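Read top to bottom, the protein sequences are chains A and B. Counting from 38, one number per residue, gives the positions in the first sequence under our numbering. Counting from 376, one number per residue, gives the positions in the second sequence under our numbering.
These are calculated hints, taken from the structure and not from any lab test. Some hints could be false.
In silico PhoX-like links for lysine-lysine, alpha-carbon gap of 25 Å or less [to be verified]:
no., chain 1, residue 1, chain 2, residue 2
1, A, K112, B, K630
2, A, K231, A, K263
3, A, K109, B, K492
4, A, K367, B, K601
5, A, K76, A, K52
6, A, K263, A, K249
7, A, K52, A, K325
8, A, K354, B, K492
9, B, K589, A, K112
10, B, K630, B, K589
11, A, K80, B, K584
12, A, K263, A, K162
13, A, K325, B, K492
14, B, K624, A, K395
15, B, K589, B, K626
16, B, K584, A, K81
17, B, K568, A, K475
18, A, K76, B, K584
19, B, K590, A, K112
20, A, K249, A, K212
21, A, K80, A, K212
22, B, K604, B, K624
23, A, K52, A, K263
24, B, K556, A, K467
25, A, K212, A, K47
26, A, K62, B, K626
27, B, K584, A, K62
28, A, K47, A, K62
Pair by pair, the computed Cβ-Cβ distance ranges are [what the hints assert, rightly or not]:
no., chain 1, residue 1, chain 2, residue 2, range
29, B, N435, A, L424, 20 to 26 Å
30, A, Q347, B, K492, 35 to 41 Å
31, B, V525, A, G286, 57 to 63 Å
32, B, T526, A, E373, 30 to 36 Å
33, A, D351, B, V525, 52 to 58 Å
34, A, P284, B, V393, 57 to 63 Å
35, A, E155, B, T526, 51 to 57 Å
36, A, P284, B, N435, 36 to 42 Å
37, A, F97, B, K590, 33 to 39 Å
38, B, D621, A, E95, 35 to 41 Å
39, B, K590, A, G293, 49 to 55 Å
40, A, L424, B, K590, 44 to 50 Å
If you're wondering where the values come from, they're calculated on a predicted model, not measured in any experiment. For every residue, glycine included, the Cβ atom is placed at its ideal position computed from N, Cα and C.
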Amino acid sequence: MGGVHPEENKLSATKPIEVFPLPQKVYIPLSQSLGAPSKPVVKKGDTVKVGQLIAQGESFISSNIHSSVSGKVSKIDDYPDASGYRRQAVFIDVEGDEWEESIDRSPVLIRECNLSAEEITARIKAAGIVGLGGATFPSHVKLMVPNGKKPEYLIINGVECEPYLTSDHRLMLEKGEEMMVGISILMKGLGVSKALIGVENNKPDAISHLQKLAQSWPGVEVHPLKVQYPQGGEKQLIKALVNREVPSGKLPIEVGCVVNNVGTAFAVYEAIQKNKPLFERVVTVTGKAIPRPANYLVRVGTLVSELLMQSGYDENKSGKVINGGPMMGKALSTIEVPVVKGSSGILVMPEQESRRMKEVNCIRCSRCASACPMGLEPYLLATMSSLSMIESVENERIMDCIECGSCQYTCPSGRQLLDYIRVGKGAVGKMIRARSAK
Amino acid sequence: MNEVILYSLVSLAGIGSVMAVVLYFVAQKFKVIEDPRIDDVEASLPGANCGGCGFAGCRNFAEALVKNESLEGLNCPVGGSATMTVVAEIMGLAADASEPKIAVVRCNGSRSHAPAKVVLDGVSSCAFAHSLFSGESGCPNGCLGLGDCVTSCQFDAIHIDPQTGLPVVNEKCVACGACVKACPRGVIELRNKGKKDRRIFVSCINTEKGAVAKKNCEVACIGCGKCVKACPFEAITLSNNLAYIDFEKCKLCRKCVAECPTGAIHELNFPPRKEAAPAEALTEANG
């Protein structure tokens with residue numbers, strides 16, 4: 038249902054993953070996953086090693102955070118995150134590159150895993166793994182299937198439907214074998230015998246590579262998919278792969294599926310087989326205003342400005358700097374923000390491309406309704422939200438909106454539909470929380 | 376021909392009188408006894424149905440007043456004490472002498488004081504901007520200047536000054552509190568109108584540390600605490616790097632205004648001081 042076809046612009050698709058040089062200083066935010074912020078377990082003046090636990094997730098939905106560098110904790114203070122609001126972060130001055138001894142740094146592939154499902158979940162939790170597709174939902178929570186539910190399929194998301202971004206694509210090409218081991222570990226953790234990897238047809242090299250590898254892994258299938266945005270949304274991917282629809286307001290487990298990103302599968306391999314917690318990730322730096330688009334393997338906490346400088350960023354030739362892809366990403370108000378576990382890419386748009394269209398009247402063409410992958414009526418939701426008709430938008434299922442932006446992309450009048458819908462969603466969310474608090 | 380008219384008249388009169396008797400008994404049986412004072416009280420209210428009292432409209436408020444038999448906790452901010460005295464007379468009670476209030480905008484981060492570092496390219500809504508980012512100037516607490524308060528006002532009492540980009544409250548304000556609820560950042564507060572319309576307040580709600588706050592806005596409260604020491608009436612408290620003047624305790628002596636190193640404390644409608652008056656505080660006043 039729905040969907041749009043934005044220009045792909047995968048400028049960095051042929052660029053191999055480069056290890057990004059160690060920064061001088063890192064700023065590691067303490068809220069890097071969905072849910073409650075983590076609690077710091079180090080203090081000012083402590084020396085830390087690469088991979089050492091620096092903050093612990095304490096509530097059910099929260100995650101552990103590990104140091105990405107070795108050095109000295111210079112302070113624990115507030116630092117602006119991607120939105121410009123200041124949140125608690127650990128500041129570390131980098132000294133050398135000394136890793137925890139328990140981490141296996143050899144490139145040898147380890148295929149066998151003899152851990153039980155509970156042990157796998159515990160190890161994933163300890164390693165602080167979160168969904169690397171962008172939503173940063175703690176991965177161990179996904180493995181804890183609620184009573185009475187039975188997972189049938191593990192779905193691996195290699196769609197990467199956002200234009201420009203290529204970090205998952207490169208990872209599939211370069212770390213395919215490790216990823217397969219990660220997938221088999223996740224299958225064991227969930228107790229399922231089937232894993233489906235969804236990859237869009239615009240990545241034929243990744244598809245053929247993974248298909249070749251999958252032959253030696255029973256139960257793992259690679260499914261090429263028609264190119265369409267937002268097929269990387271988990272509900273859309275489930276529909277495309279197993280033709281089931283997740284009911285409104287429910288999780289994928291309702292239809293027997295658990296969805297994980299390819300990056301997460303690789304992180305799981307490293308955590309279980311190499312004992313390496315999640316402290317670095319692949320970040321695409323791209324955009325038409327960037328002379329050297331690239332895929333960097335970056336330590337969490339490195340400043341975005343350093344990544345941009347490495348790729349030849351010029352402030353005068355660029356308009357917006359976007360954290361994420363062009364469809365769902367948010368413009369940064371400053372480039373002095375740290376890379377976090379959920380950063381998949383940094384996109385720099387030239388000035389003339391970065392301006393929005395002038396907003397004119399709705400012409401009732403209903404393109405937004407046809408484009409909506411959730412079957413909603415964006416024009417109605419946006420209008421009602423702008424008029425603060427909160428109860429009405431709730432009845433129109435505004436909370437089902439996945440904020441993919443297809444409606445706004447397709448609108449010929451340049452209506453800022455998603456902006457208004459976000460306002461409405463925020464208000465409805467507040468109302469629902471107030472209701473459940475009663 | 377005459378007979379037709381006669382029969383019609385007689386039968387209609389007959390039906391009419393039977394119905395009248397039925398209606399009389401039904402009315403007696405299902406009589407709703409309503410306190411006549413509700414109508415009187417409602418008539419004395421301003422009839423704006425603004426919801427400033429916390430009820431859906433003036434009628435609801437009147438019902439609540441009469442049902443409560445006391446004025447405690449009930450106040451019509453629009454009519455103020457004059458209206459409440461009339462209401463009290465109808466109810467046969469003594470009026471609660473509540474001071475008239477007015478909305479006060481506690482941010483002076485104008486375009487010149489807190490210059491924009493980025494540009495918001497999206498819908499003009501404070502609620503949206505607040506959920507998106509910290510603001511064009513970088514201050515996470517200050518006024519966003521997109522006018523949610525202006526749209527919420529039913530009395531044409533608050534407008535954005537095109538020069539400063541900040542809302543200004545005029546004398547039409549009835550302190551209904553709609554703008555206070557509309558502001559996602561809590562910049563606006565209802566404060567006592569004060570004698571001769573004179574008010575002193577801290578025009579900043581930034582809770583960041585002084586150095587950080589000052590970086591984004593030159594007139595931010597930096598939480599230095601000088602005003603707290605200067606105040607002879609213990610009206611000023613300091614918490615989260617921010618000073619707050621309690622308008623119930625403040626005696627409008629103006630000692631704190633002169634002490635403030637960043638000019639964050641504003642005085643309104645005071646006569647100029649004998650010595651060099653702080654011109655900035657007077658001209659930038661936005662209460």
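Problem set entry | Hint check against the structure, violated hint numbers in rising order | Violated: hints 1, 3, 4, 5, 12, 14, 15, 17, 21, 26, 28, 30, 31, 33 and 40.
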